[in-house]
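Could you build the full structure based on these sequences and the hints that come with them?
Protein chains in written order, with my numbering: chain A, 355 to 818; chain B, 355 to 818; chain C, 355 to 818; chain D, 355 to 818.
Among the clues, some could well be false.
If the Cβ cut is set under 10 Å, some of the chain A residues that face chain D in the computed set are [claimed, not checked]: (1) M355; (2) N356; (3) G644; (4) N717; (5) M728; (6) E738; (7) V745.
Simulated pairs of lysine-lysine, DSS-like, Cα-Cα distance not exceeding 30 Å [what the hints assert, rightly or not]: (8) C/K769 / A/K523; (9) C/K769 / A/K769; (10) D/K769 / B/K523; (11) B/K769 / D/K769; (12) D/K359 / D/K688; (13) A/K649 / B/K649; (14) B/K769 / D/K523; (15) B/K523 / B/K593; (16) A/K688 / A/K359; (17) D/K649 / C/K649.
Now the stretches of chain C that chain D is said to cover, found in silico as 3 or more residues with beta-carbon under 8 Å [claimed, not checked]: (18) 540-553; (19) 624-633; (20) 638-652; (21) 759-767.
The hints are simulated quantities; they were obtained by calculation from the structure and are not laboratory data.
C-beta atoms are modelled at their ideal positions from N, C-alpha and C, and glycine is treated no differently.
Each chain, written out:
4 protein chains.
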Amino acid sequence: MNITKIKLAYIGGGSRQWARVFMNDLALEAGLSGEIALYDIDAEAAERNREIGRRINQSPACLSRWNYTVSPTLSDALRGADAVVISILPGTFGEMASDVHEPEAYGIYQPVGDTVGPGGVLRAMRTVPQYETIAREIGLRCPNAWVLNLTNPMSVCTGALYDVFPRVKAFGCCHEVFHAKDFLAAVYREMTGEPGPGRAELAADVCGVNHFTWITRATYRAVDLISLLPGFTERFFQKGYCASNPNDPQSFRRGDVFQCGNKVKMDLFRRFGALGAAGDRHLAEFCDRGWYLDKPDPFGEWGFYRTPVPFRIVRQEERRCESEALARGLAPVKIAPSGEEAVQLICALAGRGARVSNVNLPNRGQMPDFPSGMVVETDCLFAEDTLQPLVAGALPPGAKALVMQNAINNDNLLKACRARDMGLAFETFMNQPLCGGLSVGDGERMFARMCRNTEGYLEGWKLD
Amino acid sequence: MNITKIKLAYIGGGSRQWARVFMNDLALEAGLSGEIALYDIDAEAAERNREIGRRINQSPACLSRWNYTVSPTLSDALRGADAVVISILPGTFGEMASDVHEPEAYGIYQPVGDTVGPGGVLRAMRTVPQYETIAREIGLRCPNAWVLNLTNPMSVCTGALYDVFPRVKAFGCCHEVFHAKDFLAAVYREMTGEPGPGRAELAADVCGVNHFTWITRATYRAVDLISLLPGFTERFFQKGYCASNPNDPQSFRRGDVFQCGNKVKMDLFRRFGALGAAGDRHLAEFCDRGWYLDKPDPFGEWGFYRTPVPFRIVRQEERRCESEALARGLAPVKIAPSGEEAVQLICALAGRGARVSNVNLPNRGQMPDFPSGMVVETDCLFAEDTLQPLVAGALPPGAKALVMQNAINNDNLLKACRARDMGLAFETFMNQPLCGGLSVGDGERMFARMCRNTEGYLEGWKLD
Amino acid sequence: MNITKIKLAYIGGGSRQWARVFMNDLALEAGLSGEIALYDIDAEAAERNREIGRRINQSPACLSRWNYTVSPTLSDALRGADAVVISILPGTFGEMASDVHEPEAYGIYQPVGDTVGPGGVLRAMRTVPQYETIAREIGLRCPNAWVLNLTNPMSVCTGALYDVFPRVKAFGCCHEVFHAKDFLAAVYREMTGEPGPGRAELAADVCGVNHFTWITRATYRAVDLISLLPGFTERFFQKGYCASNPNDPQSFRRGDVFQCGNKVKMDLFRRFGALGAAGDRHLAEFCDRGWYLDKPDPFGEWGFYRTPVPFRIVRQEERRCESEALARGLAPVKIAPSGEEAVQLICALAGRGARVSNVNLPNRGQMPDFPSGMVVETDCLFAEDTLQPLVAGALPPGAKALVMQNAINNDNLLKACRARDMGLAFETFMNQPLCGGLSVGDGERMFARMCRNTEGYLEGWKLD
Amino acid sequence: MNITKIKLAYIGGGSRQWARVFMNDLALEAGLSGEIALYDIDAEAAERNREIGRRINQSPACLSRWNYTVSPTLSDALRGADAVVISILPGTFGEMASDVHEPEAYGIYQPVGDTVGPGGVLRAMRTVPQYETIAREIGLRCPNAWVLNLTNPMSVCTGALYDVFPRVKAFGCCHEVFHAKDFLAAVYREMTGEPGPGRAELAADVCGVNHFTWITRATYRAVDLISLLPGFTERFFQKGYCASNPNDPQSFRRGDVFQCGNKVKMDLFRRFGALGAAGDRHLAEFCDRGWYLDKPDPFGEWGFYRTPVPFRIVRQEERRCESEALARGLAPVKIAPSGEEAVQLICALAGRGARVSNVNLPNRGQMPDFPSGMVVETDCLFAEDTLQPLVAGALPPGAKALVMQNAINNDNLLKACRARDMGLAFETFMNQPLCGGLSVGDGERMFARMCRNTEGYLEGWKLD
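See the structure below:
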């Protein structure tokens, strides 16, 4: 791509804070410029972002000015794009409330509900039809564009892009692994008494499926960090340890629903000898229901929170207000580097220095023990117009069994969604680790209800 | 092999009725003859079988006379053998009682406990060391012999033979699939009103791992039997249906602990669209604990029994008495063809007609979606000195996820046993579907206890 | 299929003797009956066959009467068929003359020229477009029919059927392996002095690609036939040995262009330790040009003939006359069992007894060292409505390299033909072992000329 | 590794200029230091290098001083090493003269003769036994060391290290790909008129087997370099183009036997559409003998030289004299950065910045179309104590067939050497593309003669 005339299409994201972060970081990339075409089914949200973008351009700290536009259609946004960012909410929080909370009636308690478990299945069923449209439009309007998928369920969404348009240059981007690296830095600090490294200074081998990735090897200055974990676990398993605030490992007790005490991580380490590399609320959803989610509130025993959808609704409204204020010039625009990975990856693809980062791609050798074609998450090398996966080390055998089960489920779910095959969708639904113990009858009732609750968004599916 | 001078080594089996069946069927194979070398660590049991063999030879119905000998050592039995049958009990019923009943304290109820689940893991840990010895001796004494493994856990035991002596010509033999075929014959009878076929008349595609095999396709005279199952399930799921006695589908209610109402089979069919091809008590052990085994007695809801070890002890004593009586001439020897598969397979290998049968072998293409080297069960073609697997059809995607999880567990368990790796053994133990919901702490306590209970037979393992 | 109402569609074959053999053998299958729908672009030829069929029906020896019809269109012939036989000549012998003889100007001498080599490539380019039509029609008219492909190049044609209509139940049938088994029977006879077995009595492990298959293991009554080959080769390599006439191993010297002295087979055995299982004229085409085909006439050194196309033209005319005579009642119809394999396979699929036979199918595990999806030839089990490949033993490592090279070429050729990709077609052309030593310039000229010679049949290809 | 106390073991290399280059570049790596333990069976050569090392230490330009020692035994050199460099000559140039020139009697003309072809096979047979010893010693003395193999045949030697000691952290290093990148830079310069980039500025995707690697994709500032090749080839194919001297593309005509006009590269590009990434003399040896090596002197037609062994002998003596002069202080030591890759890779492994470089490793996913375990050459990421292969893009289908054939040959050759299996060695010998056209009889004679010529170094092989 011509780095002074880049066209970025930003699909969705209107209502998310992340768009602001993205614009903020881009504004600091001196030398890059071009157009950012915003498209959102909520046109107002896109327009708000355009206004924020314009105010960023006016900031004295801005090093890279972009032409922010709102596209009336998806096709317009994509036409001629060099890179595409997709970040959509399939349906509303109303649908998500059904995904997350309906299963509680059957004793299934999901902390997130957007990746796997009954909620993940329903969300995939709503999202894949939208991704089919996007993939087809990319094939028509910008077949050579780099496509960054930020939407969950990430494995299924990324897989859908490839299934519809096999030549797509898409990858799924997720930040969860970074927190696990921060945790390892804290482990180093606690166990050696030395200052902890920045996460980028660690050498680590990452692989798995999105939100159920594993760090199988990690070193910092010739110290094997994995070998520090048994001692660390012994010291901190009981009370938990949160790495967000270096001075207060107990900060997770203060009610921030995205924090955790990493007790699930430590428990999984005791089981498998590798480090689960995602937030505990995500990791728990891939495991047997009896391990971490047999009670409505896992905090007491496991130190993590379930994120209730009403909370998400309130938070979103707050953000909308903030955005509104920024857009109208009622709040000051501040620009500061946040290190947002997606911006770094676009820069690397634009030829501004190679970078290794963990992203989601169909397997074509990077996880040689796993079937070819399944979407997996591993480290990849990003360089000028190039994305090449690194061959990951092997998972510990026990973790491999668990990841494989979930990877096959994801793959079946994608097949079910692509074919709108209700039978296979239900089969995959019942096969979710969180649905263990559910009878076929209860499963049928619960699945039917979740479908009915969200049928307005189940495009192309036949409910009976 | 020279069919008039066959040497069969029979390792173990002294205390099992099956040896009698085997001798009975062999006696009816006119044209075959040779030596049957019996070896059992319970030398008395071997001698009893030799006496029974001699009486069979004297029977007027006997068509094929064999020279029955008792070998003082394993090496003697194996030396120069053309075929070897292995059927051992690793440890005593005392150990098996620990395998099966100890986990009950943690709410884990195993119907069999000799294949997977906590009991299966411990049994593998005891058996593999013995199989290492046997495999090495086969390599030295009869490297070209055909080796029939009848011991459980069958996948792990068969795998151990190949791991120690890669050129071994071994396969694992199991009768469970036959009952599933009988069940399908009954389905045909019930749903068409026509007389049911014999099991050998069905064409079926079988694959999976031992005791968790699946029939994915089955036809009889151009009728697709799988397509009859939804209707059959609707009619019989509630009350259950036992195929053992054609006139009494409710016969499983009469307390025979090896019978079942096939309700698990029907439930799994509703989940996955294929027929689990083993007894319900086996199938249930491979599934999430919440599906069929959340209560101590599964009979009420699921129509199958758990087999208590005290029952096995009583039954064995009865059989010992029967054998004793036969050996001493206090009971009449009756010979009649039972269709015993192991004898049929030996005949096929001896060149007396090709035969297709489902057996357990390391995967080398027969289940192409599964990793190479893992022991799997599929149909194979037996012909003169030849055993070739048939490439099986694909499992339904949901069943594949479940079988894969168990197959990886088996493979990890074999690795753990071969290396006497307590950590990996425990990891596999915790990964058993039946151990879902077990905390690491409880798991450690339970595992330690089960090890201590059986440590006399944990050859080469280091308990701490 | 209902064995009294079978519909067989016979596509092409009008001008080949083989149709008569097929009708002959079918007529002896008591219990089977139905319709045989003949379709040939040479309608007269189809009508001749119908008339012959009618006369067969009138023969007193006929045990199974069929209703022979001539279909006006391909669709009509296929509609509702239970089995389809495809045996077409892509183009005329004029095109084949170009395939076989044009390369002679560049020193490339092909004995057959219909499978690999420059002739095989051009033939594939003509045939695949026709197979695309047939595959689509099968998908529409008889998607569940069993499809027997007899047309060369067999690998590419069979692959095309699967590529266009993935659910097709097709396989490629070829008799060449039988001759290699006859040769092994002769080896047994010569080396033991005992009477030779019939080919069906041998146990053999067969694998490779069509016309370049290998027997890697063969036994008869516990005698390892492969181990007899070194001695046999020593005795007979110099003079050659033909197995067609047991009393005259030198009969291949009498000018029958389909006979050979098996010197190529023996030479390949010395190179690789396995038996090439096709006629020498076929085997030679898969090897380096310098091995067997560096001179216009290979007979002197290698004891096989090249089949000139003018010879084929004369022979075909003779057969047309014979058929004409039979059709008009000017020659007597004689029916006698010939053991024609295609008829036996249809009988097996119709449920009249299982049968193992070597056929061509996309690899899905039967040759585990070879990529999935490539068409390979191995033994398969045929039973009622069932076709299952047997997992073959490994090729000797050197032969594997050679077969792999040819298998990849075949696969590339199929891709080139499907996409009408002239560049890839030329690449594959140049990669043929027989094109070794050809410069790119000469290759381009020769390829262009062969395309122009046959352009009337290169449907959908763009020549410039 | 502790970067101030690195122990490097340097095995062999006594007589090669490369050791001097290596010491030179190391001397410029400020911050690194430690011991370099030299071991050579020619102890004098090792001592010469030690003296040169000492003089380098005294140079004012030296930034990194190393303790150079001569080890009396291989074990001493390896004990506790952090990194090992292996660069041995198996046998003397007398053996190499047999490898290269003996086959000329049969019309086989090898330009190099140390990788594939008859010479490569014999060289492997001599080298593997030595590598077995080295691998075992590494396992005992420095199992965690990084091992850089520089010896040819590189695929087989690297494979032997892994086969003997599977945990070895070895890779094969070769410079040939760099010249292909220089060539691409020249292509850019010629076709765009812009100044050519340095080779490190190109983005390229590399894969294949050593000396037969391919660049399948290459870009520089968003220009697709591969797309420039057709035009370049048209302009320069006739006269040839050498990239060593930017002002004189015809410089290869001046008799330097290591230069070439890249006509083979251009010819292969016309065949396959990808760029062969090694010197033409190497590439030619992997192809059909008729393509580039049907005449004793390929220069006239193909613009590359064969390197006669007498020339190597003269050159080596010159180098010995130079070394002698340097060691004795009769010539000035000059230090200047040469960019030697091996030093850069050691620095990367020591934690001084990540680097991507093409090296040889057993395949574990980096070439997903190739069998696992075969040694292949692809780009890999080097970082602190980490070596991870990048998953390479696919080879063009035609090139894949050719590379596969050679890769299987290499693999068979390694197996033959490990088992000292003369039959398999001969099979592989005959399967070399350069041995096309060789009769079995001639092959046997030639192979026997080459074995006898070199039998003093065929350790453990049984010649008859």
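So, going through the hints one by one against the coordinates:
1. M355: For A/M355, the interface hint holds, since the closest Cβ of chain D sits about 7 Å away, which is under 10 Å.
2. N356: Hint on A/N356: holds, closest Cβ of chain D at ~7 Å, below 10 Å.
3. G644: With Cβ-Cβ at 34 Å, over 10 Å, it is violated.
4. N717: holds (9 Å)
5. M728: Since chain D brings no Cβ nearer than about 13 Å to A/M728, farther than 10 Å, the hint is violated.
6. E738: Holds, because the Cβ-Cβ distance from A/E738 to chain D comes to roughly 5 Å (cut-off 10 Å).
7. V745: holds (4 Å)
8. C/K769 / A/K523: holds (23 Å)
9. C/K769 / A/K769: holds (25 Å)
10. D/K769 / B/K523: holds (23 Å)
11. B/K769 / D/K769: Judged against 30 Å, a Cα distance of about 26 Å means the pair holds.
12. D/K359 / D/K688: Satisfied, since the Cα-Cα distance of roughly 25 Å is no more than 30 Å.
13. A/K649 / B/K649: holds (19 Å)
14. B/K769 / D/K523: Within the cut-off at roughly 23 Å; holds.
15. B/K523 / B/K593: violated (44 Å)
16. A/K688 / A/K359: holds (25 Å)
17. D/K649 / C/K649: holds (19 Å)
18. 540-553: violated (count 0)
19. 624-633: It holds: at least three residues are needed, and the stretch 624-633 of chain C offers 4 whose Cβ sits within less than 8 Å of chain D.
20. 638-652: holds (count 5)
21. 759-767: holds (count 5)
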